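Peer 1: Chains as they are written, first to last, in this note's numbering: chain A, 3 to 151; chain B, 829 to 1421.
For the record, the hints were derived by calculation from the structure and aren't laboratory data. Computed from a predicted model, the values in this text were never measured in an experiment. C-beta: ideal position from N, C-alpha, C; glycine also. Some hints could be false.
[Unchecked claim] Which residues of chain A face chain B? A partial, calculated answer using Cβ under 7 angstroms:
| # | residue |
| --- | --- |
| 1 | Ile24 |
| 2 | Gly25 |
| 3 | Gln39 |
| 4 | Arg40 |
| 5 | Ile41 |
| 6 | Ser44 |
| 7 | Ser57 |
| 8 | Thr58 |
[To be verified] FRET-style restraints, in silico, Cβ to Cβ:
| # | chain 1 | residue 1 | chain 2 | residue 2 | range |
| --- | --- | --- | --- | --- | --- |
| 9 | A | Cys100 | B | Gln833 | 20 to 28 angstroms |
| 10 | B | Gln955 | A | Pro78 | 33 to 41 angstroms |
| 11 | B | Arg847 | A | Gly127 | 25 to 33 angstroms |
| 12 | B | Arg1321 | A | Cys100 | 43 to 51 angstroms |
| 13 | A | Cys100 | B | Arg831 | 28 to 36 angstroms |
| 14 | A | Cys126 | B | Asp1105 | 21 to 29 angstroms |
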Amino acid sequence: MNAPPSVTTMKQLTVPRIDQCIGCHSCTLACARLIHQRISWSCAGIRIHSAGGLSTGFMAVHCLACDPAPCVAACPTGAFSQRPGGGVVVRKKLCIQCGRCVEACPVDAVSSNRRGEVFVCIHCGRCVEFCPQDCLELAEMAGGMEVPR
Amino acid sequence: MIREQFRILSVDLGTGKGRIELLDGRSSVAGGSGLAALLYSRYGLPDQPWNAEGQPLIFAIGPLTGYFPLMSKTVCSFKSGYHNQYTESHAGGRTALALRFADLDALVIVGRAGRLSSLNIGARHLQIKDAHFMRGMEADTAGKLLRRMSAEGSGHRSILRIGPAGEIGSAMAAINVDSYRHFGRMGGGALMGAKNLKGIVIDGDGDFPQPAGSAYAKVFKEVYSQATSTDMMRKYYNLGTAANLQGLNDLQSLPWNNLQKTSDPAIAGITGEAFADETLLRNGACSGCPVGCIHIGYVREKTLNDNRYHYHQVAYDYEPIFAAGTMLGVTRPFDVLRILDVMDKVCLDAMSAGVALAWATEASEQGLISEKETVVRLKFGDSDAYQQAAGFLGRGANDFYRLLGQGTLRAAEAYGGAEFACVLGQEMAGYATGELFFAAQTLGFRHSHLDTAAYSYDQKNADRDVTKAVDFLIADEPGRVFLTSMVACLFARSVYTDARLAECLSAVGYETLAGAIPETAEHIRRLRWRLRVATGFNPAALDIPKRFYDVRTWKGPVSREYLDALKQEYGRRIMEMAADRTAAVTPPGKEGK
Chain A
3 MNAPPSVTTM
13 KQLTVPRIDQ
23 CIGCHSCTLA
33 CARLIHQRIS
43 WSCAGIRIHS
53 AGGLSTGFMA
63 VHCLACDPAP
73 CVAACPTGAF
83 SQRPGGGVVV
93 RKKLCIQCGR
103 CVEACPVDAV
113 SSNRRGEVFV
123 CIHCGRCVEF
133 CPQDCLELAE
143 MAGGMEVPR
Chain B
829 MIREQFRILS
839 VDLGTGKGRI
849 ELLDGRSSVA
859 GGSGLAALLY
869 SRYGLPDQPW
879 NAEGQPLIFA
889 IGPLTGYFPL
899 MSKTVCSFKS
909 GYHNQYTESH
919 AGGRTALALR
929 FADLDALVIV
939 GRAGRLSSLN
949 IGARHLQIKD
959 AHFMRGMEAD
969 TAGKLLRRMS
979 AEGSGHRSIL
989 RIGPAGEIGS
999 AMAAINVDSY
1009 RHFGRMGGGA
1019 LMGAKNLKGI
1029 VIDGDGDFPQ
1039 PAGSAYAKVF
1049 KEVYSQATST
1059 DMMRKYYNLG
1069 TAANLQGLND
1079 LQSLPWNNLQ
1089 KTSDPAIAGI
1099 TGEAFADETL
1109 LRNGACSGCP
1119 VGCIHIGYVR
1129 EKTLNDNRYH
1139 YHQVAYDYEP
1149 IFAAGTMLGV
1159 TRPFDVLRIL
1169 DVMDKVCLDA
1179 MSAGVALAWA
1189 TEASEQGLIS
1199 EKETVVRLKF
1209 GDSDAYQQAA
1219 GFLGRGANDF
1229 YRLLGQGTLR
1239 AAEAYGGAEF
1249 ACVLGQEMAG
1259 YATGELFFAA
1269 QTLGFRHSHL
1279 DTAAYSYDQK
1289 NADRDVTKAV
1299 DFLIADEPGR
1309 VFLTSMVACL
1319 FARSVYTDAR
1329 LAECLSAVGY
1339 ETLAGAIPET
1349 AEHIRRLRWR
1359 LRVATGFNPA
1369 ALDIPKRFYD
1379 VRTWKGPVSR
1389 EYLDALKQEY
1399 GRRIMEMAAD
1409 RTAAVTPPGK
1419 EGK
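Next comes chain B alone, as it looks inside the complex:
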């Protein structure tokens, strides 16, 4: 419902009680990323470990969620077990609309349940259910069971769950959202595990009056038309992000075999076209998004002799294909999907897990580890081995896999091989585009390729102008922060310009916010970074492993001097920005009263 205050449900799993809170701050933090930061400021324990009982797990949506197309994502924020600092992870699926129609701007979960439980909420109910019998259960099975345990709400609910990886506290543990989307990065699943929370079922069982006046209908029609009637979104729903595989390989920017190379003729077997032609079963959409970028492939397994088969559906995108494909030297689409299927079931973040296993493979080649650690012999291209290893990693089969699950560099500290660990703040995203991306992911707020458009800058700029490049990062971030405060899908950034967002906000009644987008974006950006710094962020403590200095892209060999200068300057600018409390950036509106 359109209201100036945020309506928050906080649930204490320890007591089993919830509390509705109305919070000021709409005009200063907007929602999504901004609201999540505001809520961590109120509920978070910056000085305590990530898994302290009182640490909050926050899910926040934006002021336009449910009111406009592609406002279909949710921000999950928490103190991460990966680096013990404040972070965010974003996911689509049904969660955003389910929260909207449960009449909540955010859900805050604190405390720890006495035994493994599920949390069921809606506009008119709150219940914590015993789920001890789901201990160790894979995410797909858990999802089906949670659905059965919640008889009402088919089609209008969101089911979040973790798998074994979350239960063992892996820093690579994802939260599965409605089967085909994930809060993947930074180990949100581990925090659910630490809270003894196997699943969250959100019923969107409420409804609201349409905003008054004719402006809303008019703006909606224009936005909808733009998102569906033009070619603007075609790249996302046609081949999807998997189309990038060929392009990045052509640019010598696609990581192969633990980033030992950035291009390979074997790309022919693993392009977006190959995935679509061979494996694409159907498409899907996040609720409220007519684009439908979700690509769901299938794997078919022979169960017994004779013609006895079963099949699984596995969502794919560029990033998981890079991580479970080229990074591991696996070049057949069905083999990639089989690895992703296992990662989905144990509920590991595919990008992190794939990059970690790529390091383990090279460490095996170099004799730093053996089958004593990896259990199965790892070899680039051996998809059967990677399927098994993904299971071992997700279940923490031994000391080695449990350590690797805390981060590749943690394992490298123990076994050696840090120089070829493909870690940029966290396990790398699939863009070996050059110096600016390497510096930007290393220091980015979420260590995500979506924090800034550095990967795009690298592909268009061959010069080595540090000031120009860092100015670009600093200037690029607030717009993205505002979009993730709405919370728009970042695929919609060409639709939702600042001017368009102002129209949308104004049409539903948020005139003050509509008139102060740049100031609010800057305010939220600083709020987030201050939290990150308060929980331990230190750019000087983040090193870029040697492997990245050995990369060769379309621009030629990576320049050590340029990369180091970028990292140094970007880190300096972030810390300067976070420390600057004098800047006149606080927009109108009260915060958190």
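With the rest of the complex left out, here is chain A:
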């Protein structure tokens, strides 16, 4: 079944099989390297945390593609703007590193480093191929629902 034509379809990073995560941080390291040109396990759009200690498995902290996105509403300069279909479009040049987006995100998906640079998932899917456990997926979404392939 195809999505109704009136609903915008956009690709989103999803973590449908995060239960399979082994905590290697390869996704985070890939995002930091390929998108942000950083060597880091935190300056990335997806971050892996233990779900309450290493004995409890792992969770992926990433943008859940809000629409409207509270981080966009909080941004005073337009560095964050609404991405059609959910999530944000980031224009780094407009960012004044106020950190309001970090505070506004209800799921802690926007992070900042000590220099105030902010990091959020842009749903590009570059991390997906680096997950050795097949936890991640770049899925076609429409109205918050995955579009069947």
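Since the structure of chain A is provided, determine the placement of chain B on it from the hints.
Peer 2: Quick look at chain B alone, frame taken from chain A:
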């Protein structure tokens, strides 16, 4: 961060102060094992006892840590309470990346805290916290509490801690790393205990720019692809090292019942497949390693009557299964995990503890010791007894267990039974493969099966050519030393050839080091051995107990003549190498200025 100098944090627990130091030597000692040796040369007190207040506890990572996959381990070096000599222990977990992102190449801890404490460090903080209320606390509980006491950094920190064994100064005391990995061998936990240091929390809260140029991305992609897209690593993440149980049993090389035999049909119940089918709960990975070789099993305990249960997660590998399984005649996976669970909690090195308890069992059988010493009657196969005994050993329940915790041979000196003590420099690793392994572990730098590939040589060579065998050991060591200076997981040795390492080092900007790998490896090897010799290493003082001469492998009975000749020649070559200061092996670069 890529920098030519090493960035070191030294912390004095006595004063509570730390100091950042920038140290030359990248091109001559690389990092990891080499850096640890360099740091012991600067901070160590070779002539003083292992637990002297000023002795350093060193944690070092390598130049590629955080930059490439499987560069995921940390070298811990110290003067060991086991033999009062310089040693290293290696562990994975999160420590390596946490140190990298704390922007440290090494952490050096000296001094002694006034009371039991924890050390918390990161890129922007250093704090020593009171932890007196954790006295006697088991390692798992201590880990949870340290996590609660450090609110920030979930997922990006490493928590090291000791249990009761470290606090009592057991030479078999491990340092638990992030619940499922350990600096196990040679008693690093005892040095933490001697320093009144219950835990270390390392926050990796920094980040760095990616190396410039296109070479880095290209080499990374190739390495990552090699490590994940081929079958090269499958044996490590599938059944894991536990797969070796069946193979070594088939080769008559698996120690059973204190090495009274090397093969047993009961292997069927305790293979890698049996562990996976019955007990495997999930898998895990060290940070920065996509292979994910960590196998975590579970034990379920009935707490009360009715259906009231709780469960524990216990990591397993070949070596702990040998030590708490076949060596003790325990042949059910859940029983092995129950013993390992206790060892983990009291934070004993599983290999050392299992081998020590195997000796105690045979000593009991022979009437050299009784329940007066062991408290509980030890009998091969009796896992309930071994669970209790592991607790007694870790907590030093009486004079016997405290002495046994200093090493099986120490107990044998007092009670007899040295001839069946399975000690090769330290309690044996699980490879009764033959003469070369016995000689190599006895004299190896870490007394580890990973010092050289002697266990592999034994499995492929039936001849008794002393020169050829010792040449193999001497030639094999530098490559491993360089890998542990990177600090790569040794499972990645097929990925990280010298040529590949040169590409990696060059891609991140260490061109000088990249162009001098063989010379640097040789230099580090000698540096380490010189420290070992300076702290008392003497091959002639290390005997191989009679039990090893009674072993029968696939090659037939062990040859006394061949084994003695190997030990004699390997010892001679090590001492000759350590003494040779004229060899043109010093690579470019300044050391420790």
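Peer 1: Let me make sure I understand: some of the numbered hints might not hold for this structure. Which ones are they, in numerical order?
Peer 2: The structure conflicts with hints 8, 9, 11 and 14, although it agrees with all the remaining ones.
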